[in-house]
Amino acid sequence: MELFTSFHISGSALTAEKLRVDTVASNLANMQTTRTAAGGPYRRKTVVFAERLARVRQAPPSFLGRGVRVAAVVEDPNPPRLEYDPEHPDADEEGFVAYPNIDLAKEMTDLITASRSYEANTTVINTAKSLYLKALEIGRG
Amino acid sequence: MLWDDPVTKGLAKSLDVAALRQKVVAQNIANLNTPGYKRSYVVFSEELARAREKLSLRLTHPRHIPAGEIAGEPQVKVERSTSRRSDGNNVDLDQEMLDLVTNQLHYNMLAQKISERYATWRYIINEGRG
Amino acid sequence: MRINPYVVPLSPTEKEEKKASGPATFGDLFQEALQKVNRQQLEAEEALQGLISGEVEDLHQVMIAGEKARLSLQLTVQLTNKVIEAYREITRMQI
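Chains as they are written, first to last, in the working numbering: chain A, 14 to 154; chain B, 370 to 499; chain C, 286 to 380.
Hints are supplied without guarantee of correctness; some may be wrong.
[Claimed, not checked] Straight-line distance between alpha carbons at most 25 Å, and here's what the computed DMTMM-like set of lysine to aspartate or glutamate pairs gives:
1) LYS142(A) - GLU496(B)
2) LYS446(B) - ASP374(B)
3) LYS147(A) - ASP456(B)
4) LYS367(C) - GLU317(C)
[What the hints assert, rightly or not] Simulated restraints, written as ranges between beta carbons of each label pair:
5) ARG453(B) - LEU124(A): 19 to 25 Å
6) GLN316(C) - VAL470(B): 45 to 51 Å
7) PRO92(A) - ILE337(C): 54 to 60 Å
8) VAL470(B) - ASP35(A): 50 to 56 Å
9) MET466(B) - LEU66(A): 19 to 25 Å
10) LEU333(C) - THR451(B): 45 to 51 Å
11) ASP374(B) - GLU132(A): 24 to 30 Å
FYI, nobody ran anything at the bench for these hints, they're computed from the structure. Computed from a predicted structure; not experimentally measured. Glycine included, C-beta positions come from ideal geometry on N, C-alpha and C.
Work out the full structure: start from the sequences and follow the hints.
The following block contains the structure:
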């Protein structure tokens, strides 16, 4: 609904950042996962954001911004972290175990980024709401 | 009609601009973490005219082009400056939050003023009884 | 709510009274005012329709359109009252 465009814009950001947080949670949970269904260790996942625009329906110049969307969830292409542990069941011929290349500090940074964005967009939603409520007062009293 | 005077129309138009600005700021803040995103902003000729007066900019040469705005209509422009961030995004959250708050106050004031104007007309029409 | 052009039909005698009173008839002005009211009512209704169908971008536009319609209506009602009052004054006059 066009009337609540502002909400859609900010809402999309909340959704996107929530997905980022889920990704971080998945990465942290799988820091020690050496075995996956696809074979090999868990690969770190990251989200890729892109601007979301309205599909143009009419000619009149109107603002087309509709927030943000997650364009893709990509796997980290960097090679896994190798640890020498011949006793480990997933050790290769040379005794090395491949661990996910997940850096705790990096994940925490992403978490903070997401949190900051989430907070800011919540503020925008509250502001938009107050504007609508103020508009409803036009003509009252 | 009586209440289609320039001031009332001006208030209504300014409300349109403030509503647009709200969406643009929302878009910027939503794309805070989007790689390569460049912030947008709203220009409105009336506001520029007042600012121009203060700066006393004059079009001294026939080929001087006034800052490209359509008279009376707000426009959304993109700021294509380089950013200090490695991902190419140039949104400054502090600036956007500031714009958000000032715009909100401005909108509230405009809505209040236009409401008062209509209330005055009502009072006049109904001889103080409406 | 729509006001059709023939709203508030004056009774036949009143209409004749008006027509007889001269070229710049009050009736014409009144008719014009009514049409304006009808237009603004239609505008307000369109804005409301836009709100319902999701086409309207901004709530304040709907509210403003509603206000204009309300004012137009009130103006018409007050004018009507004045017309009737004036008519009564005239009929009460001792000639």
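Each hint tested on the structure:
1. Straight-line distance between C-alpha atoms of LYS142(A) and GLU496(B) comes to about 35 Å, which puts the hinted pair past the 25 Å bound.
2. Distance check on the hinted pair: LYS446(B) and ASP374(B) sit about 30 Å apart at the alpha-carbon level, beyond 25 Å; violated.
3. Between LYS147(A) and ASP456(B) the CA atoms are separated by roughly 38 Å; this puts the pair beyond 25 Å, and the hint is violated.
4. Under the criterion of a C-alpha separation no larger than 25 Å, the hint pairing LYS367(C) with GLU317(C) is consistent with the structure, at around 16 Å.
5. In this structure the hint that ARG453(B) and LEU124(A) lie 19 to 25 Å apart at CB holds, the actual value being about 22 Å.
6. Judged by the Cβ atoms, the range 45 to 51 Å given for GLN316(C) and VAL470(B) holds: they are separated by roughly 50 Å.
7. At about 58 Å, the CB distance of PRO92(A) to ILE337(C) agrees with the hint of 54 to 60 Å.
8. As the Cβ distance of VAL470(B) to ASP35(A) is approximately 31 Å, the hint placing it in 50 to 56 Å is violated.
9. Between MET466(B) and LEU66(A) the beta carbons are some 23 Å apart, a value that agrees with the proposed interval 19 to 25 Å.
10. The hint said 45 to 51 Å for the Cβ distance between LEU333(C) and THR451(B), and at roughly 47 Å that hint holds.
11. Separation of ASP374(B) from GLU132(A) is about 43 Å and departs from the stated range, judged on CB atoms against 24 to 30 Å.
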